[in-house]
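Novice: The chain contents come next:
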Amino acid sequence: MRDILSLFFAYAKSGLKSRFQYKLDAIVATFAVFLREAGGIIAMYLALLKFDTINNWNIDELLFLFSLIFITYGIFIVFFMALRDFSDWIRHGDFDRVMLRPRGLLTQLVLCGADWLAALGHGTLGIVLFVISASRVGIQWNPAMAVYYIIAVISGVLIQGAIFLFFSSISFYVVETGSLKEIFYWNMRKFAIYPLSIYNRFIQSILIFVVPFAFVNYFPAQFFLRKADMAAYPEWLMYISPVVGVTLYLLAYSFWRFSLRFYKSTGNG
Amino acid sequence: MIVIKNVTKTFPGGITAVHDISLHIAKGETVGLIGANGAGKTTLIKLICGLYLPTDGYIRVFRENPFRGKNFGRKAGENLIGLVTGQVITDGYNYHFGHGSALLQEDLTLALNLQLIKSIYRIPKEAYRQRLAALLPKLGLQEQMHYRVHQLSLGQRMKAEVAAVLLFQPALLILDEPFIGIDVAAREKIRDILQEIAREKETTVILTTHNVEELERICDRAILIDHGQIVYNGSFDRLKKSHIGLNRMQMIFEGMPPDLQDFPIKHCCIENNMLTLDYDSSIVSSKDLANYLLSHGKAVDIFIQKPTVEDIIKEMYKEDHHADNANSEKHH
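In order, the protein sequence lines correspond to chains A and B. Take the first sequence: its letter number 77 is residue 77 in the numbering used here, and every next letter is one higher. Heads up: take any position in the second sequence, counting from 1, add 269, and you land on the numbering used here.
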């Protein structure tokens, strides 16, 4: 464990040093991520002024819903960046180098890819949204809730990690997975910005059973907010939210282990 | 240490890059793998590293199958393979190392890169310090430690890759085309350090190249591959003696080229003012020939071409063909 931590710090140090060669660029890049994402939220905020609520969720409750997306994504890109872009690793032959090293393959991929500045951009936005919204939606925090919140965030990170671990495994069979990611991750993420209950049955089922973004933010948010639209779903979905991440990740990991045997280095020989 | 028996690798799409190769490399041996581009060198290397699954045949490296399916990846304390790829792709202004296996990250300084390798390979602090202190002066890299890797010249870059790979002391060191495009000084430094490793006989080394003469001083053995098959496997001396092929010297004169007297030239031709000579460099030295011509005629320009791998292979096939003919005549 100490060994893994020291490797993590070695990667973190080199990653940050490489980004901070151009200090101004690094700071601007962080802000750019922050502003790009915040811009989307401001646009939505302005639109909401017309409607007041979406399916009975007011703006503060919606911000609380988003904050989970941004906080989990901020942590996600610290650990799963290499898996997010894994098809590039395969195409450029970088995975060959990983395979020859005396370290676990996934250990290396998880530890080495961190995009700290983007993480800071997304994470800060998430925290800002959380701080603004959490105080205004009237959550009565107690230790159990705090624990639930932390586990839900970890689970949310693992769910997204699992999705990309799954895509990475598919890269062993077909090198290009860009459009799959576009459809099944980025589009689903856009859906997850709004409460699950506004969508038709089909999209809801996808968000619950296929790409379970509902467990990243909707069900955990319901645990705190208890909005009326939760009545449409079994109540236990709120409680299994933290388990979904671990389960999904283990499934994706098994698929990864299975798929590794199909890896073949690219190149013309 | 490396046992390869009847290995064939056919890629999806039907190209057979390695065809029924059998090969044995002992521990501590330094082997030169020679072949033209596309002969199958890199495929053979990737098979040895376990990055490709052979279509057919048997490979053992450190007594185990290098291709491990889902148990990919090496464990701590295992025999390590160090792979350096020197094939560079240039577009005139920029260069980048071929196919991802570069050990160094371009956007980091050399110092940080080496520290990262220290962490990844779990090199103890003291060992790291000692190895670095030995390697840097030998390769002449002390001043480059705080350069980012993309700021290094091609020669420095290759030296840095060699430093990185030697830092973790692999049991099997593979260098794929390490000399392409690098300056003479860097080439000398790398050659010296490789010679030293070859002498110590601790590390097994495989070097690939498409230029025979590069490896002569370093390697114990030459393996020539052509179209995915081994066409020669033996000492450099024998290779040179029997198959080295002819050098070609071309010289343009003002006026008539001088008389060649009794130089044992294999083939000679004069076209306008250009003299073309094909000669065996083990019989006639290029220096003597050039000196003679320059002192006896008014030369405008000179070109000397060494035999390429393709020439040598062509030459070998010719001889094989003669041998076959001779055999068949005997049977009759």
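Do not rely on the hints blindly, as some may be mistaken.
Have a look at the derived ranges for each label pair, beta carbon to beta carbon [stated by the list, open to error]:
1. B:332 with A:179: 36 to 46 Å
2. A:250 with B:307: 41 to 51 Å
3. B:420 with A:186: 54 to 64 Å
4. B:375 with A:146: 51 to 61 Å
5. B:543 with A:21: 29 to 39 Å
6. B:469 with A:179: 25 to 35 Å
7. A:91 with B:485: 52 to 62 Å
8. B:469 with A:127: 29 to 39 Å
9. A:91 with B:399: 47 to 57 Å
Simulated pairs of lysine to any residue, SDA-like, Cα-Cα distance not exceeding 25 Å [what the hints assert, rightly or not]:
10. B:387 with A:89
11. A:181 with A:210
12. B:470 with B:580
13. A:264 with B:285
14. A:181 with A:239
15. B:556 with B:452
16. B:387 with A:50
17. A:264 with B:556
18. A:264 with B:400
19. B:344 with A:253
20. B:339 with A:23
21. B:339 with A:21
22. A:13 with B:272
23. A:264 with B:334
24. B:394 with A:6
25. A:264 with B:345
26. A:13 with B:419
27. A:13 with B:397
28. B:394 with A:2
29. B:387 with A:181
30. A:23 with A:11
31. A:264 with B:307
32. B:339 with A:105
33. B:387 with A:21
Calculated from the structure, these hints are not laboratory results. Using N, Cα and C, we set each Cβ at its ideal position, and we do this for glycine too.
Novice: Could you see if the CB distance from residue 250 (chain A) to residue 307 (chain B) stays within 41 to 51 Å?
Specialist: holds, 44 Å
Novice: Given the hint that residue 181 (chain A) pairs with residue 239 (chain A), test it: the Cα-Cα distance must not exceed 25 Å.
Specialist: violated, 28 Å
Novice: For a C-alpha distance cap of 25 Å, please report whether residue 264 (chain A) and residue 556 (chain B) respect it.
Specialist: violated, 49 Å
Novice: Do the beta carbons of residue 91 (chain A) and residue 485 (chain B) sit within 52 to 62 Å of each other?
Specialist: Violated - the Cβ-Cβ distance for residue 91 (chain A) and residue 485 (chain B), about 37 Å, lies outside 52 to 62 Å.
Novice: Sort out whether residue 452 (chain B) lies within 25 Å of residue 556 (chain B), counting only the CA atoms.
Specialist: With a Cα-Cα distance of about 23 Å, the restraint between residue 556 (chain B) and residue 452 (chain B) holds, given a limit of 25 Å.
Novice: Given a hinted range of 29 to 39 Å, is it respected by the beta-carbon distance of residue 543 (chain B) and residue 21 (chain A)?
Specialist: violated, 54 Å
Novice: Does residue 21 (chain A) sit within 25 Å of residue 387 (chain B), going by the straight-line distance between their CA atoms?
Specialist: With a Cα-Cα distance of about 22 Å, the restraint between residue 387 (chain B) and residue 21 (chain A) holds, given a limit of 25 Å.
Novice: Tell me if the straight-line CA distance from residue 264 (chain A) to residue 400 (chain B) falls inside 25 Å.
Specialist: violated, 34 Å
Novice: Between the alpha carbons of residue 23 (chain A) and residue 11 (chain A), is the straight-line distance 25 Å or under?
Specialist: With a Cα-Cα distance of about 19 Å, the restraint between residue 23 (chain A) and residue 11 (chain A) holds, given a limit of 25 Å.
Novice: Regarding the pair residue 339 (chain B) and residue 105 (chain A), is the alpha-carbon distance no greater than 25 Å?
Specialist: holds, 11 Å
Novice: That 54 to 64 Å hint for residue 420 (chain B) and residue 186 (chain A) (C-beta), does it hold up?
Specialist: violated, 36 Å
Novice: Does the alpha-carbon distance linking residue 264 (chain A) and residue 285 (chain B) stay inside the 25 Å limit?
Specialist: holds, 15 Å
The structure fails to meet hints 3, 4, 5, 6, 7, 8, 9, 12, 14, 16, 17, 18, 20, 21, 22 and 29 from the earlier list, while all remaining hints are met.
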